[in-house]
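Peer 1: One-letter residues, chain by chain:
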Amino acid sequence: MEIGRVVEALDGEVIGREMHALAAKLFPINRSRTGDGVRETLRYLQTLIPLEIHEVPSGSALYDWEAPPEWNVREAYIRDPGGNKIVDFASHNLHLMAYSVPVRETLSLEQLLPHLHSLPDHPSWIPYRTSYHQEKWAFCLPHLLLQSLASGNYEVVIDATLGPGSLTYGETFLPGEEEEEVLVVSHCCHPSLANDNLSGIATAVFAARILAGARRRLGYRFLFAPSVVGPLAWLSRNEPQLARIRHGLALAGVGDAGPVTYKRSRQGEAAIDKAMAHVLRHSENAARLEPFTPYGYDERQFCSPGFNLPVGCLMRTPFGEYPEYHTSADNLDFIRPASLADSLEKCMRVFEVLEGDRSYLNQIPKGEAQLGKRGLYRGLGGGNRLGQRDFALLWVMNFSDGRHSLLEIAEKAGLPFASVRAAADGLLEAELLRPVSHQAEVGNWV
Amino acid sequence: MEIGRVVEALDGEVIGREMHALAAKLFPINRSRTGDGVRETLRYLQTLIPLEIHEVPSGSALYDWEAPPEWNVREAYIRDPGGNKIVDFASHNLHLMAYSVPVRETLSLEQLLPHLHSLPDHPSWIPYRTSYHQEKWAFCLPHLLLQSLASGNYEVVIDATLGPGSLTYGETFLPGEEEEEVLVVSHCCHPSLANDNLSGIATAVFAARILAGARRRLGYRFLFAPSVVGPLAWLSRNEPQLARIRHGLALAGVGDAGPVTYKRSRQGEAAIDKAMAHVLRHSENAARLEPFTPYGYDERQFCSPGFNLPVGCLMRTPFGEYPEYHTSADNLDFIRPASLADSLEKCMRVFEVLEGDRSYLNQIPKGEAQLGKRGLYRGLGGGNRLGQRDFALLWVMNFSDGRHSLLEIAEKAGLPFASVRAAADGLLEAELLRPVSHQAEVGNWV
Amino acid sequence: MEIGRVVEALDGEVIGREMHALAAKLFPINRSRTGDGVRETLRYLQTLIPLEIHEVPSGSALYDWEAPPEWNVREAYIRDPGGNKIVDFASHNLHLMAYSVPVRETLSLEQLLPHLHSLPDHPSWIPYRTSYHQEKWAFCLPHLLLQSLASGNYEVVIDATLGPGSLTYGETFLPGEEEEEVLVVSHCCHPSLANDNLSGIATAVFAARILAGARRRLGYRFLFAPSVVGPLAWLSRNEPQLARIRHGLALAGVGDAGPVTYKRSRQGEAAIDKAMAHVLRHSENAARLEPFTPYGYDERQFCSPGFNLPVGCLMRTPFGEYPEYHTSADNLDFIRPASLADSLEKCMRVFEVLEGDRSYLNQIPKGEAQLGKRGLYRGLGGGNRLGQRDFALLWVMNFSDGRHSLLEIAEKAGLPFASVRAAADGLLEAELLRPVSHQAEVGNWV
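Chains A, B and C supply the protein sequences, listed in that same order. First residue of the first sequence? That's 2 in my numbering, and the numbers climb one at a time after it. First residue of the second sequence? That's 2 in my numbering, and the numbers climb one at a time after it. First residue of the third sequence? That's 2 in my numbering, and the numbers climb one at a time after it.
No lab work stands behind these hints: they were computed from the structure. One should not assume that every hint holds.
To be verified - Going by beta-carbon spacing under 10 Å, a handful of chain B positions derived as facing chain C:
#1 N363
#2 E369
#3 A370
#4 Q371
#5 N399
#6 F400
#7 A414
Being a predicted model, the structure only gives us computed values, none of them experimental. Just so it is clear, CB atoms sit at the ideal spot from N, CA and C, and this is done for glycine as well.
Take the sequences, apply the hints, and build the full model.
Peer 2: And the structure:
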């Protein structure tokens with residue numbers, strides 16, 4: 002079944018709830034750049050989609066980086082002078098700064114304070130902190146709790162391992178009729194943060210499930226990997242095949258209540274950029290279209306100048322613009338089933354355009370074809386109202402000169418792609434159009 | 002005499018009245034896609050301009066179409082149960098649906114009603130209806146009259162012929178000094194509709210009369226033909242000469258009180274499009290410039306992808322946007338002498354640009370020429386006010402590098418074409434400019 | 002020292018006062034198109050900067066013009082019937098129309114009046130008038146004074162010489178490391194008009210003094226010359242070297258209180274145009290960017306089509322737009338130290354861009370470089386705030402593909418050039434960038 006029809010048939014309410022349920026399932030796992038939390042997450046995804054899990058040994062060269070040491074935590078807590086566990090990793094993953102080194106010490110409050118992070122502006126939230134490049138340890142806690150700490154000796158325990166192991170990522174490939182591929186990438190290195198990025202993971206998983214059941218001209222490759230080093234690992238292992246990646250999308254922060262934001266690829270006017278701009282322009286809801294910037298999510302690596310792949314980034318509210326970002330307030334309430342479903346629909350609409358954006362040759366190029374006698378045209382003699390369907394037929398016929406693709410025609414006409422595609426399908430059936438297979442076929446009758 | 006001067010000399014009030022009088026003369030004739038009404042119209046035009054009348058036999062192939070059967074009406078009426086002629090083609094052409102088949106029957110009101118068209122929203126107007134492709138008959142009448150019909154038997158008479166004959170169109174050609182041509186096309190297939198398209202016919206006729214008396218670098222070809230099939234007939238008979246058509250204009254609906262609207266050709270930035278955009282920008286009145294769309298008037302056939310000729314369309318209020326369109330309210334009061342004269346002037350101004358838009362080479366390219374010593378420049382030393390004429394001289398000198406035409410210079414300068422043309426004429430006379438005949442002449446001093 | 006650092010170190014208040022003092026020093030001198038006033042002005046400038054003074058004999062061919070006769074005045078006055086000197090050139094240079102021929106006569110008021118110019122709208126101001134091309138004489142005076150003149154005989158004396166001599170201009174050249182040059186031109190042909198153009202002269206002189214002490218990649222050539230004929234004289238003597246002029250700027254009317262206005266060169270998007278647009282966009286104050294027009298200051302000659310050099314014009318309020326223009330109200334109060342200093346700073350900022358606008362190749366093009374481990378990046382893991390410096394590093398790395406210059410990167414990033422340049426300098430030092438010396442070096446890895 003064509004992707005367009007699959008999308009029409011989706012029930013946004015049902016699928017939004019299923020996506021949220023997946024996020025809820027994965028929320029408690031302690032994902033980080035490496036470690037067992039990532040593996041557990043990917044193994045759960047294997048129950049939903051076919052997924053190959055790759056391990057890249059610590060220290061492997063990843064261009065200017067290398068695969069990091071592996072980090073795992075058994076337990077981590079702080080006991081107050083009275084012996085109470087006042088901060089416990091078991092109760093919230095964010096309590097422990099990611100990549101904290103092991104420690105088992107008793108410290109005075111004064112000695113402890115430099116190892117505590119809190120958010121004075123949001124005193125009940127726990128911040129998310131990492132220290133990938135410096136060997137440190139720290140705990141994160143609500144500012145209210147921090148302020149309540151009394152003098153005395155505190156027992157600090159971090160029972161963690163940080164050493165040789167591997168970086169883990171997951172990959173799915175759904176082949177298409179042609180060799181060209183769409184790459185979808187979601188980072189999976191954050192613990193207990195719902196929008197960042199269980200929302201992206203859920204969207205990618207459900208997109209893969211839907212695509213698996215649809216007719217695909219293009220291949221679709223899904224990557225679930227830790228930020229920065231994950232994409233670099235994949236790129237370094239797949240360089241010879243990169244030319245097949247014709248379109249790409251990073252999915253991150255796609256579950257909050259804000260409108261959709263699309264950040265263009267470095268190329269700026271790649272097919273994915275044009276398709277997304279079109280889909281958002283014809284969306285009922287507000288949407289933002291942003292130029293490329295060299296900071297953001299994993300599109301950064303694919304858009305580095307040595308690759309310059311056409312990979313854009315789909316978000317809702319951009320990551321610097323909501324206070325819940327990288328705090329415990331980015332929780333399961335912060336993401337909405339309706340937003341998740343809407344983000345998924347935008348992806349599928351874009352895939353619909355990428356699948357169907359072809360050029361055709363009008364077989365009756367001189368003068369207009371008589372659409373009426375072929376039952377294609379509904380206009381009544383003397384009346385002056387044409388419907389969108391009639392307009393679409395005229396636009397497709399007039400601009401199917403082999404030089405304008407259906408998306409370009411839709412843009413010229415101000416019509417949604419689906420209606421132009423439907424018109425083209427009708428005209429193909431009536432043998433008024435012929436697909437252009439080689440550019441050389443475009444005659445010189447124009 | 003140069004067209005620009007001819008236009009300056011025109012008295013808009015007088016010519017507007019003459020144009021309206023021509024429309025009034027032709028208003029009662031029953032024009033349709035074919036038939037004697039078209040012939041009578043064209044024969045009357047022969048009294049005003051040289052016009053060749055062409056006949057294309059019914060059934061002749063016109064690309065995807067064919068020349069239609071010919072339709073003529075002797076009489077057509079409905080008698081009510083009391084024997085009164087309540088609807089009579091003799092009193093208004095619109096009462097009979099165009100291409101109605103012959104009928105002579107007595108029908109109950111119930112049987113008659115499906116054959117009656119009216120406009121509930123405009124109950125005193127008669128709609129205009131056609132049935133070119135289905136063999137049907139119908140009458141059109143005011144909704145008020147339709148509502149007043151009582152039960153009983155109605156006598157219906159349509160004494161018409163619909164069968165082999167020919168499609169008729171008229172053509173005038175005014176040769177120019179060069180081989181390139183401007184094509185002007187007006188559809189002549191509507192009965193008793195003043196704006197659509199006696200306005201276009203009158204504008205074309207008066208343009209031809211004025212051009213006949215002016216110096217012409219370009220040839221001008223005028224076509225009066227029924228919509229769709231007329232242009233297709235002409236195109237099919239003139240394919241070898243189409244390369245000569247360098248500019249084209251469909252004239253339709255150019256008499257109502259609204260501002261001028263120009264719809265660009267499919268090429269979008271053809272010389273005619275640029276010239277019209279310039280003329281409208283420098284017009285005192287509001288004007289609309291619209292992108293190409295593949296529906297509208299006869300520009301559609303010329304702008305089909307197999308021809309892609311640079312033919313735009315000049316209208317006033319676009320055809321879907323006024324309620325009088327295709328009704329008896331599109332009558333002689335609906336069109337205004339001042340609007341007709343203004344539409345004509347816009348056409349002539351565009352022809353003025355097309356005639357005069359050439360590139361020149363400044364003969365003193367290094368530094369400014371001393372215009373003062375040649376009596377060309379009016380500026381006073383120390384004063385700071387230059388007139389439009391002085392500015393035009395400077396612009397033409399500076400940009401006459403063989404790469405900028407006068408229209409491009411006028412656009413850069415924000416000056417009307419006529420003032421730039423006048424400056425160029427003065428500079429030519431002073432031998433400060435030389436026309437560029439071949440692009441190769443543009444030296445490499447730039 | 003790099004120009005950027007020199008500019009940072011300037012004290013605008015001090016330098017503005019010095020510039021104003023220079024204008025005050027030169028204000029009383031009677032400059033005209035030729036003559037001793039020009040020589041005296043240039044000799045004074047020689048005390049501040051190295052300056053070669055050139056003399057071009059009257060009658061020398063200057064393309065379509067010729068070097069004018071030389072004009073010098075010993076004294077000029079009008080005595081009223083009572084014997085009082087009511088108008089005296091010794092009290093204000095503007096009292097005498099420039100290029101007035103000698104006269105020594107007694108005239109009735111009626112005979113005198115046609116030789117008097119005044120400004121009825123500004124009755125206390127003296128207008129500035131010239132008559133370069135017609136042999137005439139006239140006096141300029143306040144309208145109030147003119148209105149007070151009683152009948153009687155007036156003695157008129159103009160003790161002047163107008164005959165063979167020479168046109169004088171001054172030139173300074175500061176060589177750079179490379180052969181390419183920046184040309185700065187200021188007209189020096191107006192007497193006792195402060196904004197027009199002692200402001201331009203002062204700005205050019207101080208720019209030359211600053212540049213003399215800075216490291217220069219480019220050469221800088223300063224020209225102080227009478228309008229029209231001065232640039233034509235220089236052009237005619239320097240044609241073989243014109244290809245070295247890669248950027249140029251006319252400085253005129255840069256001292257009034259209005260915001261800066263930059264008029265683009267004829268090329269419109271030359272490097273100087275882009276650099277100035279960038280500098281003005283990142284300026285704290287309002288600024289105007291105007292398209293090229295073929296009238297204005299001396300950029301006209303350099304921008305004639307036979308040269309088409311990239312010479313723009315920096316002004317503050319454009320010359321036609323303030324009533325003081327070409328009157329005695331354009332005096333030392335009309336120009337402001339702060340405006341002069343600001344105009345100078347804009348020039349230096351533009352030179353900073355021209356000096357530093359190079360393209361580089363990212364040496365780690367695949368994936369992002371690890372800036373943190375090189376001490377370049379300040380971002381904290383988990384935090385979401387990057388500073389302008391961090392952004393600049395990312396932009397420079399991502400777009401240093403040999404196809405984007407630093408200015409283009411600054412424009413894409415919306416960052417001031419100086420911050421992008423500083424980032425590039427840091428990255429160069431860390432060997433993450435390499436300058437592109439030949440375009441061919443830009444590999445095909447993109």
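Peer 1: Could you run down the list of hints and mark each one as holding or not?
Peer 2: Against the structure, the hints come out as follows:
1. N363: 6 Å, holds
2. E369: 6 Å, holds
3. A370: 5 Å, holds
4. Q371: Interface hint status for Q371/B: holds (5 Å vs cutoff 10 Å).
5. N399: Holds, because the Cβ-Cβ distance from N399/B to chain C comes to roughly 4 Å (cut-off 10 Å).
6. F400: 7 Å, holds
7. A414: The hint holds - A414/B has a Cβ within 10 Å of chain C, the shortest such distance being about 8 Å.
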